[in-house]
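Top to bottom, those sequences are chains B and H. 0 is the number of the first residue of the first sequence in numbering that gives the first Met the number 0; add one for each residue after it. 0 is the number of the first residue of the second sequence in numbering that gives the first Met the number 0; add one for each residue after it.
These are calculated hints, taken from the structure and not from any lab test. We put the CB at the ideal spot given by N, CA and C, even for glycine. Treat the hints with care, as some may be off.
Stated by the list, open to error - Dumping the calculated BS3-like pairs for lysine-lysine here, alpha-carbon to alpha-carbon at most 30 Å: (1) H:K358 / H:K454; (2) H:K253 / H:K221; (3) H:K782 / H:K253; (4) H:K178 / H:K88; (5) H:K454 / B:K46; (6) H:K358 / B:K46.
What the hints assert, rightly or not - Reference listing, derived: stretches of chain B covered by chain H, where coverage requires no fewer than 3 residues with Cβ under 8 Å from a Cβ of chain H: (7) 18 to 30; (8) 43 to 55.
As the list claims (entries may be wrong) - Selected chain B positions facing chain H (Cβ under 8 Å, derived; list incomplete): (9) R1; (10) Y15; (11) R35; (12) F36; (13) W37; (14) P58; (15) E62; (16) L67; (17) P70.
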Amino acid sequence: MRIERLITMANDIATYFTVEPDHAAAVASVRDHLTRFWDPVMRRQLKSYLADGGEGLIPLAQEAVSALQLPPVDAT
Amino acid sequence: MLSIVEIDLGTPKSLSQTMVSLDIDGRRIEVPEGTSVMRAAAQAGISIPKLCATEMLDAFGSCRLCLVEIDGRKGYPASCTTPVSEGMKVATQTPKLAEIRRGVMELYISDHPLDCLTCPANGHCELQDMAGVVGLRDVRYGYDGANHVYARIPARDDQEAAIHGRTRQTVPNPLFSPKDESNPYFTFDPSKCIACSRCVRACDEVQGTFALTIQGRGFESKVAASQDNRFLDSECVSCGACVQACPTATLSEKSLIDKGQAEHSVVTTCAYCGVGCSFRAEMKGQEIVRMVPNKDGHANHGHSCVKGRFAIGYATHPDRITTPMIRAKISDPWRVVSWEEAIGHVASEFKRLQGTYGKHAIGGITSSRCTNEETYLVQKLVRAGFGNNNVDTCARVCHSPTGYGLKATLGESAGTQDFDSIRATDVVLVIGANPTDAHPVFGSQMKQRLRAGAKLIVIDPRRIDLVRTPHIKADYHLRLRPGTNVAVLDTLAHVIVTEGLVDEDFVARRCEPEAFAKWRTFVAQEKYSPEAMESVTGVPAELVRGAARLYATGGNGAIYYGLGVTEHAQGSTSVMAIANLAMATGNIGREGVGVNPLRGQNNVQGSCDMGSFPHEFPGYRHVGDAAVRQSFEQAWGVPLLSEPGLRIPNMFEAALDGSFKGLYIEGEDIAQSDPDTQHVTAALTSMECIVVQDLFLNETAKFAHVFLPGSSFLEKDGTFTNAERRMSLVRKVMEPQGGYADWEITQLLANAMGYPMHYTHASQILDEIARLTPTFHGVSFEKIEALGSVQWPCNDEHPDGTPVMHVDEFVRGKGRFMLTEYVATTEKVSAEHPLILTTGRILSQYNVGAQTRRTANVMWHDEDRLEIHPHDAEERGITDDDWVGIVSRAGETVLRAVVSERMQPGVVYTTFHFPGSGANVITTENSDWATNCPEYKVTAVQVTRVSQPSEWQKRYRAFSEAQEALLEQSAKPA
Numbered sequence: 000m001r002i003e004r005l006i007t008m009a010n011d012i013a014t015y016f017t018v019e020p021d022h023a024a025a026v027a028s029v030r031d032h033l034t035r036f037w038d039p040v041m042r043r044q045l046k047s048y049l050a051d052g053g054e055g056l057i058p059l060a061q062e063a064v065s066a067l068q069l070p071p072v073d074a075t
Numbered sequence: 000m001l002s003i004v005e006i007d008l009g010t011p012k013s014l015s016q017t018m019v020s021l022d023i024d025g026r027r028i029e030v031p032e033g034t035s036v037m038r039a040a041a042q043a044g045i046s047i048p049k050l051c052a053t054e055m056l057d058a059f060g061s062c063r064l065c066l067v068e069i070d071g072r073k074g075y076p077a078s079c080t081t082p083v084s085e086g087m088k089v090a091t092q093t094p095k096l097a098e099i100r101r102g103v104m105e106l107y108i109s110d111h112p113l114d115c116l117t118c119p120a121n122g123h124c125e126l127q128d129m130a131g132v133v134g135l136r137d138v139r140y141g142y143d144g145a146n147h148v149y150a151r152i153p154a155r156d157d158q159e160a161a162i163h164g165r166t167r168q169t170v171p172n173p174l175f176s177p178k179d180e181s182n183p184y185f186t187f188d189p190s191k192c193i194a195c196s197r198c199v200r201a202c203d204e205v206q207g208t209f210a211l212t213i214q215g216r217g218f219e220s221k222v223a224a225s226q227d228n229r230f231l232d233s234e235c236v237s238c239g240a241c242v243q244a245c246p247t248a249t250l251s252e253k254s255l256i257d258k259g260q261a262e263h264s265v266v267t268t269c270a271y272c273g274v275g276c277s278f279r280a281e282m283k284g285q286e287i288v289r290m291v292p293n294k295d296g297h298a299n300h301g302h303s304c305v306k307g308r309f310a311i312g313y314a315t316h317p318d319r320i321t322t323p324m325i326r327a328k329i330s331d332p333w334r335v336v337s338w339e340e341a342i343g344h345v346a347s348e349f350k351r352l353q354g355t356y357g358k359h360a361i362g363g364i365t366s367s368r369c370t371n372e373e374t375y376l377v378q379k380l381v382r383a384g385f386g387n388n389n390v391d392t393c394a395r396v397c398h399s400p401t402g403y404g405l406k407a408t409l410g411e412s413a414g415t416q417d418f419d420s421i422r423a424t425d426v427v428l429v430i431g432a433n434p435t436d437a438h439p440v441f442g443s444q445m446k447q448r449l450r451a452g453a454k455l456i457v458i459d460p461r462r463i464d465l466v467r468t469p470h471i472k473a474d475y476h477l478r479l480r481p482g483t484n485v486a487v488l489d490t491l492a493h494v495i496v497t498e499g500l501v502d503e504d505f506v507a508r509r510c511e512p513e514a515f516a517k518w519r520t521f522v523a524q525e526k527y528s529p530e531a532m533e534s535v536t537g538v539p540a541e542l543v544r545g546a547a548r549l550y551a552t553g554g555n556g557a558i559y560y561g562l563g564v565t566e567h568a569q570g571s572t573s574v575m576a577i578a579n580l581a582m583a584t585g586n587i588g589r590e591g592v593g594v595n596p597l598r599g600q601n602n603v604q605g606s607c608d609m610g611s612f613p614h615e616f617p618g619y620r621h622v623g624d625a626a627v628r629q630s631f632e633q634a635w636g637v638p639l640l641s642e643p644g645l646r647i648p649n650m651f652e653a654a655l656d657g658s659f660k661g662l663y664i665e666g667e668d669i670a671q672s673d674p675d676t677q678h679v680t681a682a683l684t685s686m687e688c689i690v691v692q693d694l695f696l697n698e699t700a701k702f703a704h705v706f707l708p709g710s711s712f713l714e715k716d717g718t719f720t721n722a723e724r725r726m727s728l729v730r731k732v733m734e735p736q737g738g739y740a741d742w743e744i745t746q747l748l749a750n751a752m753g754y755p756m757h758y759t760h761a762s763q764i765l766d767e768i769a770r771l772t773p774t775f776h777g778v779s780f781e782k783i784e785a786l787g788s789v790q791w792p793c794n795d796e797h798p799d800g801t802p803v804m805h806v807d808e809f810v811r812g813k814g815r816f817m818l819t820e821y822v823a824t825t826e827k828v829s830a831e832h833p834l835i836l837t838t839g840r841i842l843s844q845y846n847v848g849a850q851t852r853r854t855a856n857v858m859w860h861d862e863d864r865l866e867i868h869p870h871d872a873e874e875r876g877i878t879d880d881d882w883v884g885i886v887s888r889a890g891e892t893v894l895r896a897v898v899s900e901r902m903q904p905g906v907v908y909t910t911f912h913f914p915g916s917g918a919n920v921i922t923t924e925n926s927d928w929a930t931n932c933p934e935y936k937v938t939a940v941q942v943t944r945v946s947q948p949s950e951w952q953k954r955y956r957a958f959s960e961a962q963e964a965l966l967e968q969s970a971k972p973a
């Protein structure tokens, strides 16, 4: 998928949770949102994009994506 | 004409709990206090003659037929206007009453045509019935005097002329008015009018439009629409309440005139908006004579709008495609094939695609236009048959933020009330909704309550009709800039918190304290004061403060919202902000209050309930929940995936990158309804097997490889769930034109894919849903049939359903305040795109228009227009009817302009009912952060005068014509 679109969507989610004063809760909320609502393919793509530098992802999104749990490719 | 099967009791039901007993014709009768003598008698099976009374309307007491004698009272009181009292003794039939009634009828008939045998009301004419009941045998006055019946009357000197053997002279009758046939659905024949005022009162009391009036006095009194206009040119909204109320043939459906009286009647549920009106389809065999709203309908109480009552001709429109068709490429003509071949082809293509590109390369889209059973079956086919979770529904593009936002705050993805709750509301807050156009029947109920004294706050960029309509004026209209809903809601919350208007007791008892404390601090920030936000929202601070105080302290406050809330980049945030307001003021958990999403299509609620989102099973339970998943695995006999699948916009992205190749679409037209059309059509053209199951060759079908003919709501059994969580039965009144109900087609496909399904009736599907979903445990066709309708949750705890939710505690336990930071959309005005385009809908058309465009409703709206404020128009040299180009960063289209002060400067508006308008060519890929619901309501555009269609429109027209030609060429089997 177009990585630009995934970056925008992840940033939109992170932007919502930026207001959360408890930073750890904010990171967990973004991660939980991505896990609950994003197809693993999209999560995998975004995580590997982050591993390559993650340009354009806002800091909260980066933090959330970095520790995203992903199911093994063949399990889904 | 009233329904052919309902018994009219004459006056409305009294809601009093106190019972009164009286004696009517020697029979002891007990009724609630406030009941009329007429109704008390009727409930006991005693019919008192009547003409101006109907239980649709308040008693009027004008026809003088329903007179009775009451012991101890002088004269002959009208039974319709006389309330019962304890110990009252009433006689309904006495020689004196008979004489009076005959005298009254004689007068009526002396000014009424006697063409009864050829009259459309024949068989159900109340005037004719009453003439029979009172025993009218003679009309002593003759028909030569003053009358409304004949177009010409004898000249004054005619008698003398006749004596001298000259031709009988006539002159035009000044009292006569010709038949008005301007409305496409009904006629108005004043010569048959008895001036009972039922039509006028129906327009006032039931619909609330006040379009009709009695003009003139005494014998000159006559019914007139607006200023004596033709009906079509008047303010009439064609709801048909007057036609239903008319006791004679004065107002008659044209379909009744054409076809004659129906012989049976079937109760079913409307397939248009989220109000979900109950109708009686009055039938002659398999042909509909007319649709009459069901008096016992729990959502509509006998009312309807122009769509539900009249706009049903699409179901039998010649454009219906009734045979399966396939083609290899979209540039090929269609080939008409058998069902076996079509289904076999789809199954083999889908298997091939999964074999070549992987299990996840295909998916399904279901729709709010499908029944619950159909939607359930599509998601079951995808999850169990396709073996992935790539299923979504069109609620993605309308109310998905409602599901997310209300689940996060209250614990359940649904509205909290029933419609009747508004009867107990003191302050109505409408935000981002236009109920009089988009939910007209509930809009009428809302207007009734407002006319009775409830206060009104409207939050909308446009001056919608509710802001100022007969006998209603909004107390506050917060005319915000599009895209600033969250800012306005936060300023309202700021006022409530900082002025000490929080219902502290409610919050302490019912809500999570930490989340509330956090929220209180958050909204109390100075940046959310109405004064600080004024420059962002455009709403004067004192209006915000006034509205907040009214909502928080004005008694029962109820919030109604629509797509003007959800279809934004911050749609889910707005929904949560609304829930926050309701919780903070204690306006939740009882009659008269609540958070009420007005759903766009008839079964938005149901399609969401049925597990059609990629991440959740029926009943809003995540696919990652192991216990839930196991229950479905056990019932369905296959392993299921624990990870969410693709949402509709994700499917498009995946199609464009080559990983998503096949799509089964039931009842949804993504090529017209989804944003950024060119992106959508690029995605569609990159897929290898698109299967469209629909009534017509819709916009998406023009990109399809397989067309499966679907069935209309009149051709199948099932259930719809309306905006109040109300499940109602949809009943088959005619055979499916294509041969199968939609759920049967899905079943055929499942079987061909190798996942067996063996339902023989839709009720078995609902039984399965009920078994597997706790909120539906108590639901069945039998239960709905017995109760008329059921509001879920319906289970052991709530065997008869749940009109009001969150009564003692929230579904999630404690209510949870969510932080709702205002984040300006990235869609900003600029020198290049200085105006904001917002989109919406109008009364006569529905959604993409596939249904209503194929009815006479086009007489009210035959093209989408661009509404623009006079200031913006003048700056650009635009006047009414000019062709204007609308350009956004996504695309360009051309529409004709309407200059309108309903708009605020800087904001333009259009509807999206016609595919050639290309409203969604302009809308962008921006979407709600939580759900990807598109930001339809905010697009930066420039508008200029132009002389020709846009490039997109030219391409669209050429493509569309080519596709229609291919349909024409379709080869039928020998």
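Fill in: When the least beta-carbon distance from W37 of chain B to chain H is tested against 8 Å, hint result
holds (7 Å)
Practice prompt. Against chain H, run the beta carbon of E62 of chain B and see if the smallest gap drops under 8 Å.
Written response: violated (17 Å)
Practice prompt. For the hint on Y15 of chain B, just tell me whether its beta-carbon gets within less than 8 Å of chain H.
Written response: holds (5 Å)
Item to complete: Verify the proposed pairing of K358 of chain H with K454 of chain H, using a straight-line Cα cut of 30 Å.
Response: violated (55 Å)
Item to complete: Mind checking the CB of R35 of chain B against every CB in chain H and telling me if the closest is under 8 Å?
Response: holds (6 Å)
Worksheet item: Hint check: is the beta carbon of L67 of chain B less than 8 Å from a beta carbon of chain H?
Response: Status violated, d = 12 Å.
Fill in: 30 Å Cα cutoff - pair K253 of chain H, K221 of chain H
holds (22 Å)
Worksheet item: Given the proposed pairing of K358 of chain H with K46 of chain B, does the C-alpha separation stay at or below 30 Å?
Response: holds (22 Å)
Worksheet entry | Proposed proximity, K46 of chain B with K454 of chain H (alpha carbon, max 30 Å) | Violated: K454 of chain H and K46 of chain B sit about 52 Å apart, past 30 Å.
Discussion item. Just to be careful: measuring from the Cβ of P58 of chain B to every Cβ in chain H, is the smallest value less than 8 Å?
Written reply: For P58 of chain B, the interface hint is violated, since the closest Cβ of chain H sits about 16 Å away, which is over 8 Å.
Discussion item. Taking 8 Å as the Cβ threshold, is the statement that the segment 18 to 30 of chain B is covered by chain H upheld or broken by the three-residue rule?
Written reply: holds (count 3)
Worksheet item: Counting residues of the segment 43 to 55 of chain B with a beta carbon closer than 8 Å to any beta carbon of chain H, are there 3 or more?
Response: violated (count 0)
Violation of the numbered hints given earlier is confined to hints 1, 3, 4, 5, 8, 14, 15 and 16; the remaining hints are satisfied by the structure.
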